[in-house]
Structure formats: structure tokens, C-alpha cells
Amino acid sequence: MEYAADSTAARKVSDFANGQVNHFLESVEDLTKALKDIETPDIARVRAKVKIALVAAKSAVSDTASQLRSQAFDVSKRTDTFVRDNPWQVVGLAAVVGLAVGILASRRY
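When you line the sequence shown up against the working numbering, it's residues 11 to 119, in that order.
Mixed in with the good hints there might be a few duds.
No more than 20 Å apart at the CA atoms, straight line, and that leaves these computed lysine to aspartate or glutamate pairs for EDC-like [as the list claims (entries may be wrong)]: (1) Lys46 - Glu36; (2) Lys59 - Asp47; (3) Lys68 - Asp25; (4) Lys61 - Glu36; (5) Lys68 - Glu49; (6) Lys22 - Asp73; (7) Lys61 - Glu39; (8) Lys61 - Asp84; (9) Lys59 - Glu39; (10) Lys61 - Asp73; (11) Lys22 - Asp84; (12) Lys68 - Glu36; (13) Lys61 - Asp40; (14) Lys59 - Glu36; (15) Lys59 - Asp84; (16) Lys61 - Glu49; (17) Lys59 - Glu49; (18) Lys68 - Asp47.
Taking CB as the label site, the calculated pair distances span [what the hints assert, rightly or not]: (19) Trp98 - Ala63: 45 to 55 Å; (20) Glu36 - Val100: 42 to 52 Å; (21) Leu103 - Arg57: 23 to 33 Å; (22) Ala63 - Val85: 25 to 35 Å; (23) Val85 - Ala115: 26 to 36 Å; (24) Asp47 - Lys68: 22 to 32 Å; (25) Thr74 - Leu109: 36 to 46 Å; (26) Ala115 - Gly29: 52 to 62 Å; (27) Val107 - Asn32: 50 to 60 Å; (28) Asp25 - Ala66: 13 to 23 Å; (29) Lys68 - Leu109: 45 to 55 Å; (30) Val107 - Ala63: 29 to 39 Å; (31) Asn32 - Val56: 18 to 28 Å.
Hints are computed from structural coordinates only; laboratory data are not their basis. Note that the coordinates shown come from a computational prediction; the quantities given were computed from them, not determined experimentally. Cβ atoms here follow ideal geometry from the backbone N, Cα and C, with glycine treated the same way.
With the hints as constraints, model all of the structure from the sequences given.
Structure follows, in C-alpha cells:
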């Protein structure tokens, strides 16, 4: 499929971000487990709030990753369609950008 490279790159970024967030959430879970032996009403209340927040955060991470993946795929499809429908405009734009970069790169200060 033509979108395989775009999909793979988006998936790698998404997986990395999910891994970082999940690592953070696991660290918070470890912290709450370490506090389980302390039985004060304040700690129990905080532990309950943290558990609720962890469940909500995991759900939000999953939903956000899914939405980002879907949006990246849609943008990729629209870009591909535009390039296929307007190849000469894209070539012209690329030439103008290349010329501008060349001029800027050749300037001497």
C-alpha cells in the first residue's frame, strides 16, 4: 500500500509517545503501591484519587493515540490525492522552494 511508509512512521511516533506516557503511569502506580502500607485517611484518599486518575489517563492516552493515527492517515491520503490531481503545481511549488533555499543558502553575510 502507498501509505505504508507514512503509516509506519506515524505508528512509531505514536508507540514512542504511548511508551513514555505508560512508563510515567507505571511509575505513579508503583508509587501508590509503595504507599499501600501507610494507612492514614489522607493517604487512602489520595491513593483512591490517583487510581481514578490513572484509569482516566490510560483511557485518554489510548483515545488520543487512535485519533492522532486516524488524522495522520487522513492527511496523508489528502496530500497524496492533491499531488496526484495537481502534479505540475506541486513541481512548480517544489521548484520555487528549492530556488528560495538555494538563494538563502548562497547568501554571504
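Going down the list of hints, with the structure as the test:
A hinted pair counts as satisfied when its Cα atoms are at most 20 Å apart, and Lys46 with Glu36 qualifies at roughly 15 Å. A distance of roughly 17 Å separates the Cα atoms of Lys59 and Asp47; the hinted pair therefore holds under the 20 Å criterion. For a cut-off of 20 Å, the pair hint linking Lys68 to Asp25 stands: about 14 Å separates their Cα positions. Only pairs whose Cα atoms come within 20 Å are accepted, and Lys61 paired with Glu36 is accepted, the gap being roughly 11 Å.
At roughly 26 Å between alpha-carbon atoms, Lys68 and Glu49 are farther apart than 20 Å, so this suggested pair is violated. The suggested pairing of Lys22 with Asp73 holds, with an alpha-carbon distance near 17 Å, which does not exceed 20 Å. Using a Cα cut-off of 20 Å, the hinted pair Lys61 and Glu39 holds, with the two alpha carbons roughly 8 Å apart. Taking the CA atoms of Lys61 and Asp84, the gap is near 35 Å; set against the 20 Å cutoff, the hint is violated.
The straight-line distance between the Cα atoms of Lys59 and Glu39 is roughly 12 Å, inside the 20 Å bound, and the hint therefore holds. Straight-line distance between C-alpha atoms of Lys61 and Asp73 comes to about 19 Å, which keeps the hinted pair within the 20 Å bound. For the hint linking Lys22 to Asp84, the alpha-carbon distance of about 17 Å falls within 20 Å, and the restraint holds. Of the supplied pair hints, the one linking Lys68 and Glu36 holds, its CA atoms being roughly 10 Å apart against a limit of 20 Å.
For the hint linking Lys61 to Asp40, the alpha-carbon distance of about 11 Å falls within 20 Å, and the restraint holds. With a C-alpha separation of about 16 Å, the suggested pairing of Lys59 with Glu36 holds against the 20 Å cut-off. Of the supplied pair hints, the one linking Lys59 and Asp84 is violated, its CA atoms being roughly 37 Å apart against a limit of 20 Å. Straight-line distance between C-alpha atoms of Lys61 and Glu49 comes to about 16 Å, which keeps the hinted pair within the 20 Å bound.
Among the hinted pairs, Lys59 with Glu49 is consistent with the structure: their alpha-carbon atoms are about 15 Å apart, no more than 20 Å. The suggested pairing of Lys68 with Asp47 is violated, with an alpha-carbon distance near 25 Å, which exceeds 20 Å. Taking 45 to 55 Å as the suggested C-beta distance range, the pair Trp98 and Ala63 conforms, at roughly 53 Å. The supplied range of 42 to 52 Å is met by Glu36 and Val100, whose beta-carbon atoms lie about 45 Å from each other.
Here the CB-CB span from Leu103 to Arg57 is close to 57 Å, at odds with the stated 23 to 33 Å. Roughly 32 Å separates the CB atoms of Ala63 and Val85, a value that falls within the hinted 25 to 35 Å. Between Val85 and Ala115 the C-beta distance comes to about 29 Å, which sits within the given range of 26 to 36 Å. For the pair Asp47 and Lys68, the beta carbons lie near 25 Å from each other, so the given range of 22 to 32 Å is met.
Between Thr74 and Leu109 the beta carbon distance is about 39 Å. The supplied range of 36 to 46 Å therefore holds. Between Ala115 and Gly29 the C-beta distance comes to about 37 Å, which lies outside the given range of 52 to 62 Å. In this structure, Val107 and Asn32 break the distance hint of 50 to 60 Å, their C-beta atoms being roughly 39 Å apart. For Asp25 paired with Ala66, a C-beta distance near 21 Å keeps the hint of 13 to 23 Å intact.
Distance hint for Lys68 and Leu109: a CB-CB separation of about 49 Å, consistent with the stated range 45 to 55 Å. At roughly 46 Å, the beta carbons of Val107 and Ala63 sit outside the given window of 29 to 39 Å. Between Asn32 and Val56 the Cβ separation comes to about 22 Å, which falls inside the hinted range of 18 to 28 Å.
Hint compliance for this structure: hints 5, 8, 15, 18, 21, 26, 27, 30 are broken, all remaining hints hold.
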